[in-house]
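Once you have looked at the hints, place chain B on chain A.
Number of protein chains: 2
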Amino acid sequence: MTAATTGRWHEVLTKTEWVAIVTWDGQQPHTVANWGDYIRALSEPGSDTLVMPAGWYHRTEANLRRDRRVQVILASRQVAGSHGPGQGYLLEGEGEIELDGEWARRAKATYPWARGALILHIQRAHAQL
Amino acid sequence: MTAATTGRWHEVLTKTEWVAIVTWDGQQPHTVANWGDYIRALSEPGSDTLVMPAGWYHRTEANLRRDRRVQVILASRQVAGSHGPGQGYLLEGEGEIELDGEWARRAKATYPWARGALILHIQRAHAQL
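Residue numbers (our numbering), protein chains in the order written: chain A, 935 to 1063; chain B, 935 to 1063.
Bound-form chain A, shown alone:
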């Protein structure tokens, strides 16, 4: 997998403690989070595809079935930014929850409490903060 997006968000992903993930149902957003080290354990470094364990995420799953679009935000003080220490990125892309298949199998093998994998295909990255 190669990265088509630009910007230093992959560097921020190596440091961010957690990420926020936003989906929507046509009326209002639904915001969840996942730990950065969980994402780093399942995703290929430098890839535009983020894989993370899905432990619950029922509303996220329903939203993504209706509208695949997703927003992700991540940040770390450990990455140098335009205005001193700290950089954030807003990512836009599409997502899906896999309950079977290779990614789900890997998520469940690493995190036995997971019911599958949340897979995000990042298409655009915007520097923040």
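These aren't lab readings, by the way, just hints derived from the structure by calculation. Check each hint, because a few of them may be wrong.
[As the list claims (entries may be wrong)] Okay, the calculated bits of chain B under chain A, using three or more residues with CB under 8 Å as the criterion:
no.	stretch
1	951-957
2	964-970
3	1010-1024
Quick reminder that beta carbons are idealized off the backbone N, C-alpha and C, glycines included.
Using the frame of chain A, we list chain B on its own:
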């Protein structure tokens, strides 16, 4: 100001490196972030009112003028959670951007690049992660 919400989110706020803030325009969400230390510098500890510098946030401002509702998510590995180290919270409430007034004045005094203050009135807190 006293806290009407329940849960340990105030403790997470003392540790979170950053927070994500989600508003919406009726069609789709808009996600921004702010640093935890900026919020801690301007907000009263233990209060359900969060104050942070607004450096740009034009779309957040337009969204809040249309619909005051806001979602905030924060997390820290430094707070003990239900399943080991780490706790997150999803907060729901209402928000506004003040360009004048006491909070805006304080935000601009502390952060000269700020054009005002983003003020969030938290009404509900849900444990995450």
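Hints versus structure:
no.	hint	in the structure
1	951-957	holds (count 4)
2	964-970	holds (count 5)
3	1010-1024	holds (count 6)
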